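Using the sequences and the hints given, assemble the complete structure.
So the protein lines, in turn, are chains A and B.
This note's numbering applies: residue 1 is where the first sequence begins, and numbers increase by one.
This note's numbering applies: residue 316 is where the second sequence begins, and numbers increase by one.
Worth flagging that the hints you see were computed from the coordinates, not collected in a lab.
Hints may contain errors.
Here are the in silico distance ranges between beta carbons for each label pair [to be verified]:
| id | chain 1 | residue 1 | chain 2 | residue 2 | range |
| --- | --- | --- | --- | --- | --- |
| 1 | B | Gly322 | A | Ala283 | 22 to 32 angstroms |
| 2 | B | His339 | A | Ala208 | 18 to 28 angstroms |
| 3 | B | Glu405 | A | Met216 | 41 to 51 angstroms |
Predicted model only: the values in this text are computed from it and were never measured.
Glycine residues also receive a C-beta, built at the ideal position from the N, C-alpha and C atoms.
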Amino acid sequence: MSSAVAEPELAAQFDATVRRKDRIEPRDWMPDAYRKTVVRQVAQHAHSEIIGMQPEGQWIGRAPSLRRKAILLAKVQDEAGHGLYLYSATETLGVSRDELTEMLISGRQKYSSIFNYPALSYADVGTIGWLVDGAAICNQVPLCRTSFGPYGRAMIRICKEESFHQRQGFELLMTMMRGTDEQRAMVQESVNRFWWPALMMFGPPDDASPNTEQSMAWGIKTHTNDELRQRFVDMSVPQAKALGVTFPDPDLKWNEERQAHDFGQPDWDEFWDVVKGNGPCNAQRIAHRKQACDDGAWVREAAMAFAEKQKVATA
Amino acid sequence: MSDEVRGEWPLYEVFVRGKRGLNHVHVGSLHAPDDAMAVRHARDVYTRRNEGVSIWVVRSDAITASSPDEKDPLFAPSGDKVYRHPTFYEIPDNVPHM
Ligand SMILES: [Fe+2]
Ligand SMILES: [Fe+2]
Numbered sequence: 001m002s003s004a005v006a007e008p009e010l011a012a013q014f015d016a017t018v019r020r021k022d023r024i025e026p027r028d029w030m031p032d033a034y035r036k037t038v039v040r041q042v043a044q045h046a047h048s049e050i051i052g053m054q055p056e057g058q059w060i061g062r063a064p065s066l067r068r069k070a071i072l073l074a075k076v077q078d079e080a081g082h083g084l085y086l087y088s089a090t091e092t093l094g095v096s097r098d099e100l101t102e103m104l105i106s107g108r109q110k111y112s113s114i115f116n117y118p119a120l121s122y123a124d125v126g127t128i129g130w131l132v133d134g135a136a137i138c139n140q141v142p143l144c145r146t147s148f149g150p151y152g153r154a155m156i157r158i159c160k161e162e163s164f165h166q167r168q169g170f171e172l173l174m175t176m177m178r179g180t181d182e183q184r185a186m187v188q189e190s191v192n193r194f195w196w197p198a199l200m201m202f203g204p205p206d207d208a209s210p211n212t213e214q215s216m217a218w219g220i221k222t223h224t225n226d227e228l229r230q231r232f233v234d235m236s237v238p239q240a241k242a243l244g245v246t247f248p249d250p251d252l253k254w255n256e257e258r259q260a261h262d263f264g265q266p267d268w269d270e271f272w273d274v275v276k277g278n279g280p281c282n283a284q285r286i287a288h289r290k291q292a293c294d295d296g297a298w299v300r301e302a303a304m305a306f307a308e309k310q311k312v313a314t315a
Numbered sequence: 316m317s318d319e320v321r322g323e324w325p326l327y328e329v330f331v332r333g334k335r336g337l338n339h340v341h342v343g344s345l346h347a348p349d350d351a352m353a354v355r356h357a358r359d360v361y362t363r364r365n366e367g368v369s370i371w372v373v374r375s376d377a378i379t380a381s382s383p384d385e386k387d388p389l390f391a392p393s394g395d396k397v398y399r400h401p402t403f404y405e406i407p408d409n410v411p412h413m
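Written out as structure tokens, the structure reads:
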């Protein structure tokens with residue numbers, strides 16, 4: 001932004017910083033495309049945390065015990081917090097909170113497709129914690145070292161909190177697996193529904209992900225979608241075994257040579273269809289967020305008016 | 316109502332003291348209508364797991380910062396004063412407690 005230094009020199013400084021794996025801070029000079037990419041990715045991430053409260057949030061009032069209710073409440077509250085950390089990270093680049101909310105509600109910015117699937121039973125609360133938060137952790141741990149400073153710092157905070165999310169989900173499912181046949185069937189049915197959407201959380205295959213290469217060159221992303229998906233599958237298989245459930249993939253098997261699991265591909269047509277807005281819950285998720293925003297407007301205004309009045313009174 | 320009433324809540328920077336004996340450290344930012352609400356929001360957003368024993372909040376627009384460039388001449392005076400560091404001085408190994 002300083003006009004005294006020529007742009008090529010600033011660009012060279014930026015490149016050198018990224019190459020050193022040093023962090024870019026909000027007031028540093030950065031290429032416009034870098035700024036846009038960071039805003040898009042961090043905002044999308046923030047929106048995912050905020051929309052992500054909905055599928056599970058619906059179950060808070062119907063939790064099977066006080067213990068489960070307290071846990072779920074704390075988990076959903078954490079997701080709100082994650083959204084707030086990430087919104088503030090985005091705002092350091094000069095986008096306002098109101099603009100971000102508007103872009104979410106108008107559909108100009110996306111959120112993770114996984115949250116367009118419904119949570120149909122309490123077993124889903126467990127499966128979401130285990131697989132959805134599990135996949136999110138896989139994605140997020142490398143992002144702690146992303147090149148944009150505020151994003152990386154938000155991710156460190158978030159990752160510390162996510163491990164409770166995954167563990168409470170797994171423990172919930174373990175408890176159900178020790179229950180009746182009907183409860184075990186509920187768990188398996190839930191896992192069958194969430195497995196493929198969880199794999200989609202890593203994004204399209206590398207050859208269909210045109211932005212990955214540039215994002216990696218800038219140090220925003222540090223691993224490709226397929227690398228992270230593989231890591232997630234390899235982590236999840238032994239967990240499923242311990243739990244006593246299977247994944248609905250006939251091609252899933254250990255490959256001795258690769259020292260990794262082979263697995264089938266999610267239905268990418270379904271993925272793109274959900275991204276385009278045609279998932280089971282897209283309209284409902286946005287409508288709910290819009291209503292919460294509209295319903296809260298008078299509270300935000302009243303709080304501002306009260307603050308103004310106090311200022312006048314003490315002046 | 317004034318324009319400000321209709322606008323966004325102002326932005327605050329949040330600093331948390333992790334435990335007694337430590338400095339307050341910047342942890343992030345948040346929006347709040349006034350100082351008192353900023354402290355309450357900061358508690359909910361940044362200290363859900365006993366991360367702090369004390370919180371400071373300050374409106375972001377009240378902060379004055381140095382220039383963003385790390386190579387700024389502002390920091391140049393300390394660059395060439397190596398004698399301010401203990402390692403500048405060579406002391407024989409057989410001198411204890413130094
Ligand atoms: Fe989260
Ligand atoms: Fe989570």
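Violated constraints from the hint list, given by number and in increasing order: Number 2 only.
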